[in-house]
Amino acid sequence: AQSVTQLDSQVPVFEEAPVELRCNYSSSVSVYLFWYVQYPNQGLQLLLKYLSGSTLVKGINGFEAEFNKSQTSFHLRKPSVHISDTAEYFCAVGIQGAQKLVFGQGTRLTINP
Amino acid sequence: DTGVSQDPRHKITKRGQNVTFRCDPISEHNRLYWYRQTLGQGPEFLTYFQNEAQLEKSRLLSDRFSAERPKGSFSTLEIQRTEQGDSAMYLCASSLGTSDYNEQFFGPGTRLTVL
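In order, the protein sequence lines correspond to chains A and B. Its first residue numbered 20, the first sequence is counted upward by one per residue in the numbering used here. Its first residue numbered 16, the second sequence is counted upward by one per residue in the numbering used here.
Hint data in this document are derived by calculation from the structure and do not stem from the laboratory. Please note: incorrect hints may appear among the correct ones.
[As the list claims (entries may be wrong)] Facing chain B, a subset of chain A residues (Cβ under 10 Å, in silico):
no., residue
1, V23
2, L26
3, Q115
Note that beta-carbon positions come from the ideal geometry of N, C-alpha and C, so glycine has one too.
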């Protein structure tokens with residue numbers, strides 16, 4: 020079975036500072052990896068995905084993530100955050116042949132002015 | 016923009032009552048998913064349809080829960096004899112399943128509160 024651990028439940032940062040949201044996964048088979056963002060009272064929006072190929076993937080709103088197979092990690096980064104990035108961020112894994120996504124517990128990103 | 020829509024957005028009910036939620040996926044999307052999200056947690060998979068066929072159900076989906084997608088378009092999720100533990104956000108997602116991977120597009124969710 021697959022599992023996802025987001026190591027920080029809350030991350031407070033100052034505006035224009037860099038941020039890293041950590042995600043580790045466990046799986047005995049190859050995985051697809053995703054980061055979703057959830058703004059208050061809204062559904063989940065896909066930020067970026069890793070399917071194969073280059074381990075550094077770029078997404079929307081200036082976010083990027085790096086797949087590290089040896090460390091089973093897929094950390095999300097942004098070099099300079101804005102107030103509008105305040106939201107809940109979820110890491111998720113999917114596997115070949117299965118349709119469901121397995122999500123982590125989420126990390127609440129709070130941007131302070 | 017015709018994204019995934021869910022109705023109602025909020026539902027308050029008393030314990031023991033039945034509730035039904037509706038999800039309208041993006042048109043032409045043949046796959047539809049239901050997830051449940053409790054406070055402070057990530058979404059958990061409940062069930063998945065390909066067209067009208069329900070192909071996978073989680074163990075979370077007790078016999079009080081039933082989901083249908085009668086014509087392969089919209090879907091309903093019914094909870095019978097609701098319990099306080101059913102209070103959660105119920106999320107619907109859809110995808111165009113043409114390959115092993117397909118991006119899931121999520122709706123805004125239905126927030127259920129059981130008193």
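Structure-based check of each hint:
Given hint, A:V23 at the interface with chain B, holds; its Cβ is 8 Å from that chain's nearest Cβ, closer than 10 Å. The beta carbon of A:L26 comes no nearer than 14 Å to any beta carbon in chain B, farther than 10 Å, and the hint placing it at the interface is violated. Because the beta carbon of A:Q115 sits about 5 Å from the nearest beta carbon in chain B, less than 10 Å, this interface hint is met.
The structure shown violates just one earlier hint, number 2.
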